[in-house]
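K.L.:
The residues making up each chain are set out below.
Number of protein chains: 2
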Amino acid sequence: MQQPEQVDTFAHSGEVGLVEWHDYESSRPFTFQNGDTIPGFRLRYETYGKLNAEGSNAILVCHALSGDHHCAGVHSIRDRKPGWWNNMIGPGKPIDTNRFFVICSNCLGGCQGSTGPTSINPETNRPYHLDFPVVTIGDMVRAQHRLVTEELGVQEMYAVVGGSMGGMQVLEWGVRYPEFVRRLLPMATTARQNAQAIAFNEVGRLAIVQDPNWHDGAYPPGQGPHVGLAVARMMAHITYLSDQGLDQKFGRERISRAAARTLFDAEFQVESYLRYQGQSFTNRFDANTYLYFTKALDRFDLYGESGRLEETFEAIRARTLVVGFTSDWLFPPKQNREIALALLRAGKNAGYAEVDLPLGHDSFLVHAPELYDLVERFLI
Amino acid sequence: MQQPEQVDTFAHSGEVGLVEWHDYESSRPFTFQNGDTIPGFRLRYETYGKLNAEGSNAILVCHALSGDHHCAGVHSIRDRKPGWWNNMIGPGKPIDTNRFFVICSNCLGGCQGSTGPTSINPETNRPYHLDFPVVTIGDMVRAQHRLVTEELGVQEMYAVVGGSMGGMQVLEWGVRYPEFVRRLLPMATTARQNAQAIAFNEVGRLAIVQDPNWHDGAYPPGQGPHVGLAVARMMAHITYLSDQGLDQKFGRERISRAAARTLFDAEFQVESYLRYQGQSFTNRFDANTYLYFTKALDRFDLYGESGRLEETFEAIRARTLVVGFTSDWLFPPKQNREIALALLRAGKNAGYAEVDLPLGHDSFLVHAPELYDLVERFLI
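So the sequences go chain by chain: A and B.
Under this note's numbering, the first residue of the first sequence is numbered 1, with each subsequent residue one higher.
Under this note's numbering, the first residue of the second sequence is numbered 1, with each subsequent residue one higher.
Next up, chain A with everything else stripped away, as it sits in the complex (with noise of 0.2 Å):
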């Protein structure tokens, strides 16, 4: 996931300001899909805006692959790194917390503050590692659906949003909890990866599980398979972002030629561009999450057993907007398009709107006015 070019300014819009992270504790035991119990969990949530007394003004918003908690706001005043989709939520944006109480968790089974793979396992005392359940988005749904009920006291939830791994909260939400959410507004997702986007996943982990320091998962705290994660980022960038982008971003420049020494320093910007993303990532991000979501990104698929679409989304009462982006090649607009198709012949309240913007699948985070128009006339 790309941070957002610039902290954008909404018309009239304020913003979210100073905001701080609180933990949820669960401990109640949680049993995931595949059968497995851990006795509780914590989830890191950021919340902006105020609950309504009914309590039916949330909107939940559900990060993506390396996304995290803190879609909004700074931090400190000398914070000068806005939440990941500052951009989009904030007093008077399209996700206006002068209305909404916007709630962003991070996810179940994640490594910036909620119980995954570097938790402590509370019957062993040390860490989960590759003893941590496989976390599907099911599951990661499920988790959020405690916090907002049974912490957070929300009612129902007038809208849940995301794209990309969010995006797939955000139907996965719809399916299991239809009585309880009024809206859903996907972007840039899919309701099943297909080959290309599981074997790209498949090399980034390969070369994670094959950095020797990866050791079976149990490294330590702040070590680990840094060069394998890197490698694995540096590639899914490239993913994230789209051909006419790159060329436009970076073409073919070539940094200061002094600089590259040997053949195989960075020589064109493209390359010194990725290897920061990579760099930066290793220091932020833990390489067992990065395997977990990966794998629970490939194995999401709600065609089910039947391959009818359609027949999964039965359940669903949402009215759902299904928001594709032109150059997005990681989910591309026809796996977006099929969403709201299905949605449609299973005789939902349902549209699709497709966004011609260049920047490849990380479009859904840029600045786009004609996004914005589309988010804040959904939430109306």
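Errors might be hidden in some of the hints.
Short derived list, chain A residues pointing at chain B, Cβ under 10 Å [to be verified]: (1) P29; (2) F32; (3) I238; (4) D247; (5) D298; (6) D301.
Don't read these hints as lab results, they were simulated from the structure.
C-beta: ideal position from N, C-alpha, C; glycine also.
Given chain A's structure and the hints, the job is docking chain B onto it.
P.N.:
Using the frame of chain A, we list chain B on its own:
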């Protein structure tokens, strides 16, 4: 580069049959474009058909990044895998060995018998490793020129043909030796790589050079950065195929679940396929050659200082047919079209054909009667 899916039986065609390779040893010094000189070099090559008395019926076939000199026929009667373009080359086939003297050489810098980083540096009696000069597409072509003129007695080249990196060599032949070449047939190629293609190559190179077994390129024969090379190959292999092709071939098919003992074993068929591709590649290809060749690809740029491709093409005398493939997203149709357009802007005899095949970049290698017809007619 993918092997053809089947041994094609072109209408009324026969097979090249048993072939053997030869080694051309050039004992004169060779100075690379970067100014470095080696005392001589070897090119391993094969030929099929016979050179006519005038030395004017030769066709040079240029191979892609991971290809070699063995493009047709078999090496023994028990050899079940013919050369990589056996469907295209043979008696009565599009590149007709009854008419033409077909030459294919392993590139300078390669690892399949030609002089490259694994070769012994006669000045040190040790392998070159990273002391091997930085090789360019132009250097490859200049070495081939010695082979065909000094060793094989070719007086003029009837045609130069090749896809991908081979297509770059085809263009370079036309520019460097305009009086010598009659026809150019580049396929699935580009006059310069865009940022996305450079980015993928860079991730592959980093996977290799960060493998602890790389040892700055000085690994012993048969050993080396096999993990990094396999990762690089797997990733690259995805870019040689297509979304649609992978879906048709693998979809979301799973291999036996019983065989998937742990979460990170291959689960989907596409994963198992890619793992095999990566593994088998490390058995036949040298990691340093992979580094050198991908750099040659990235630096290839016929646009030159002026940024105007037609200026570079002023030199060309050959008739040219550029072939692009609809589903090729590594060197997409647009980049192939642009080659033909620039030739036309330069007043040259050039055309562009776009072949609608779903198999991505590797489409030039597969059974495709429409492509056979184009090649056959162009070579009349």
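K.L.:
Does each hint hold? Answer for all of them.
P.N.:
Against the structure, the hints:
no. : hint : verdict
1   : P29  : violated, 22 Å
2   : F32  : violated, 13 Å
3   : I238 : holds, 5 Å
4   : D247 : holds, 5 Å
5   : D298 : holds, 7 Å
6   : D301 : holds, 7 Å
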